[in-house]
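Assemble the complex: chain A is given as a structure, and chain B must be docked to it using the hints.
Heads up: the sequence lines are chains A and B, in that order. So for the first sequence, this note's numbering puts the first residue at 1; every next one is plus one. So for the second sequence, this note's numbering puts the first residue at 1; every next one is plus one.
In short, the hints are calculated from the structure, not lab data. Treat each hint with caution, since some may be false.
[To be verified] Derived, one-sided and incomplete: chain A residues facing chain B with beta-carbon distance under 7 Å: (1) Phe7; (2) Glu35; (3) Val48; (4) Pro108; (5) Gly111; (6) Gly112; (7) Gly124.
This one's a predicted model, so the numbers in the text were calculated from it and none came from an experiment. Yeah, the Cβ is synthetic: ideal placement off N, Cα and C, and Gly gets one too.
Number of protein chains: 2
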Amino acid sequence: MSGESAFIDSLKALAQHPAACGLADDAAVLEIGREAIVLTHDMLVEGVHFLPSADPADVAWKLVATNLSDLAAKGAEPLGVLLGFMLGEDDARFVEGLTEVLEHYGVPLLGGDTSAGGPPRAFGLTGIGRATHRPVPPRGGAQSGDGVYLTGALGAAMLGFEALRDGSDADSTAYRRPMARLAEGLALAPLVSAMMDVSDGLLLDARRMAEASRCSIAIELDRLPLSSAFVAERGQDLAARLFAASGGDDYALLLALPQDIDPVTLSLPSRTRITRVGSLAAGGVSLSLTHAGESVKLPERLGFEHAWNDDRGPSAAPMADRS
Amino acid sequence: MSGESAFIDSLKALAQHPAACGLADDAAVLEIGREAIVLTHDMLVEGVHFLPSADPADVAWKLVATNLSDLAAKGAEPLGVLLGFMLGEDDARFVEGLTEVLEHYGVPLLGGDTSAGGPPRAFGLTGIGRATHRPVPPRGGAQSGDGVYLTGALGAAMLGFEALRDGSDADSTAYRRPMARLAEGLALAPLVSAMMDVSDGLLLDARRMAEASRCSIAIELDRLPLSSAFVAERGQDLAARLFAASGGDDYALLLALPQDIDPVTLSLPSRTRITRVGSLAAGGVSLSLTHAGESVKLPERLGFEHAWNDDRGPSAAPMADRS
Numbered sequence: 001m002s003g004e005s006a007f008i009d010s011l012k013a014l015a016q017h018p019a020a021c022g023l024a025d026d027a028a029v030l031e032i033g034r035e036a037i038v039l040t041h042d043m044l045v046e047g048v049h050f051l052p053s054a055d056p057a058d059v060a061w062k063l064v065a066t067n068l069s070d071l072a073a074k075g076a077e078p079l080g081v082l083l084g085f086m087l088g089e090d091d092a093r094f095v096e097g098l099t100e101v102l103e104h105y106g107v108p109l110l111g112g113d114t115s116a117g118g119p120p121r122a123f124g125l126t127g128i129g130r131a132t133h134r135p136v137p138p139r140g141g142a143q144s145g146d147g148v149y150l151t152g153a154l155g156a157a158m159l160g161f162e163a164l165r166d167g168s169d170a171d172s173t174a175y176r177r178p179m180a181r182l183a184e185g186l187a188l189a190p191l192v193s194a195m196m197d198v199s200d201g202l203l204l205d206a207r208r209m210a211e212a213s214r215c216s217i218a219i220e221l222d223r224l225p226l227s228s229a230f231v232a233e234r235g236q237d238l239a240a241r242l243f244a245a246s247g248g249d250d251y252a253l254l255l256a257l258p259q260d261i262d263p264v265t266l267s268l269p270s271r272t273r274i275t276r277v278g279s280l281a282a283g284g285v286s287l288s289l290t291h292a293g294e295s296v297k298l299p300e301r302l303g304f305e306h307a308w309n310d311d312r313g314p315s316a317a318p319m320a321d322r323s
Numbered sequence: 001m002s003g004e005s006a007f008i009d010s011l012k013a014l015a016q017h018p019a020a021c022g023l024a025d026d027a028a029v030l031e032i033g034r035e036a037i038v039l040t041h042d043m044l045v046e047g048v049h050f051l052p053s054a055d056p057a058d059v060a061w062k063l064v065a066t067n068l069s070d071l072a073a074k075g076a077e078p079l080g081v082l083l084g085f086m087l088g089e090d091d092a093r094f095v096e097g098l099t100e101v102l103e104h105y106g107v108p109l110l111g112g113d114t115s116a117g118g119p120p121r122a123f124g125l126t127g128i129g130r131a132t133h134r135p136v137p138p139r140g141g142a143q144s145g146d147g148v149y150l151t152g153a154l155g156a157a158m159l160g161f162e163a164l165r166d167g168s169d170a171d172s173t174a175y176r177r178p179m180a181r182l183a184e185g186l187a188l189a190p191l192v193s194a195m196m197d198v199s200d201g202l203l204l205d206a207r208r209m210a211e212a213s214r215c216s217i218a219i220e221l222d223r224l225p226l227s228s229a230f231v232a233e234r235g236q237d238l239a240a241r242l243f244a245a246s247g248g249d250d251y252a253l254l255l256a257l258p259q260d261i262d263p264v265t266l267s268l269p270s271r272t273r274i275t276r277v278g279s280l281a282a283g284g285v286s287l288s289l290t291h292a293g294e295s296v297k298l299p300e301r302l303g304f305e306h307a308w309n310d311d312r313g314p315s316a317a318p319m320a321d322r323s
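Extracted from the complex, chain A is given alone in its bound form (with noise of 0.2 Å):
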């Protein structure tokens, strides 16, 4: 067996439970008496993740809020964190961000494990959460007629990711310091028919989503949000549109909407950015680009995984993807 889709295939058997949804999704959801509760799992890899200069402080951050979104694409409100933790050399600084992104959230953390170990150091987080919605929006409910959403804005990440790659002083914050979308998430949850985070791309995410739908997605290239960071940076022509778009880390929320509802008359969190960057269709499993109503080419790669060894091909998987 090679390969990390050929280990995820063999795992599948083990993950029969409903609650698993197939490895395919998000986050597990389990239905425990009367509540749900959303489970997640992370990890981040000294070289494949973060770089061994990585301020310990933004592996924690990252650690947290990249879990901490994938309960947010579910609506779910966060009740805690368990750590594995691999003991180093500048813990505290560690412990330092921990903190930080903890109580930005409020959320506790209730246990986990500690040992030595590496270099390369790996860290893994869990986050457990309660559905305030149900059903639990999934990734595979979108409808035809659906329109197509993102909240935030794309872009910034990858501007972040290629400064500290390139040793260059741009802001890197978007990339180090995602923000997790929970206020967001939990105003959605009910009106949503499917919900993800975008971590890999817009683009990739996005077939993920018509893939577990059974639709076609169709993305208006020159709909999407992007930020001013990066269009000051790269502009917002077409080739700038597919880059933002087939880039990934920004975390932000791409969600399914029947046609009937209209965000702009939804009562959402202050400075809540959602924008209608496409639609859904029958007629079989397909992602489609257009811009400016001209119809444009899927690029070769849809999707970008941040990877630090990136030239090893794609380093990191959730069970089935990062989303």
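Same frame as chain A, now just chain B:
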């Protein structure tokens, strides 16, 4: 900051939620609606917890069994696990072991994450359970006058560890494939005043129970249940008993029962071996030993972390310890 106890101390400020039990218990216990969810996370790191030459199927087994043992100590019924996995050479063999252990315990895989990285490879597992009895048995609930009991027998895992370390052909199954005492934990949970699993050595874990319960524990070494393989190999004199009592990895359950409960009269799962090994008293936190009625000095080392890098000192700890 150096050392893991300092690291864990620095985390305690983040773990004020009652569910975290001050990071000093086997597992977190989260009240949700009318249910209590039990959560635990353990890591196994190559070179620390297993040798690079270890059979990946054994690593998978132990990863799951040690987490389920924590659930057993809480009288929890396992609902599922999340896996954090670093891809390697022989992943198919890992999946075989994972399949065996999950099928053995009837527990589904719910999700997780995969990554490249290593060596050393690090694996994490989160166990999720549902408490079957309230209150959930704590580590710190033992009362003066309680009897101290062990399920199962001691010594076999230590023999297995030494066989692997020394390359002998003696049976190492008990070390490689520990059993989680889920049925015993479920049956005992309504009766105990305190319960925990013995992962690091009876003496070390008994002292932890004494500390958490603010009691003194007296262990009668001549009562210890020793595995027949251990007795055949090492005998059962005082030295052998001290060795077995300060070994680890047997994953027995250590429990305190009110003095009016005689476990012989209880309806426990078939083949449950439960042995009274001591008693609890008021008057300060302490651990004391006797053998044939005579006081025995505590050994310098109360427990043994079966770590392959043991020359580097204790190599792994839970948040608090690995129990």
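So, going through the hints one by one against the coordinates:
1. Phe7: For phenylalanine 7(A), the interface hint holds, since the closest Cβ of chain B sits about 5 Å away, which is under 7 Å.
2. Glu35: 5 Å, holds
3. Val48: Cβ of valine 48(A) sits 5 Å from chain B, so the hint holds.
4. Pro108: 4 Å, holds
5. Gly111: 4 Å, holds
6. Gly112: Nearest chain B Cβ about 5 Å off; hint holds.
7. Gly124: Holds. Min distance 4 Å.
Checked against the numbered hints given earlier, the structure satisfies every one of them.
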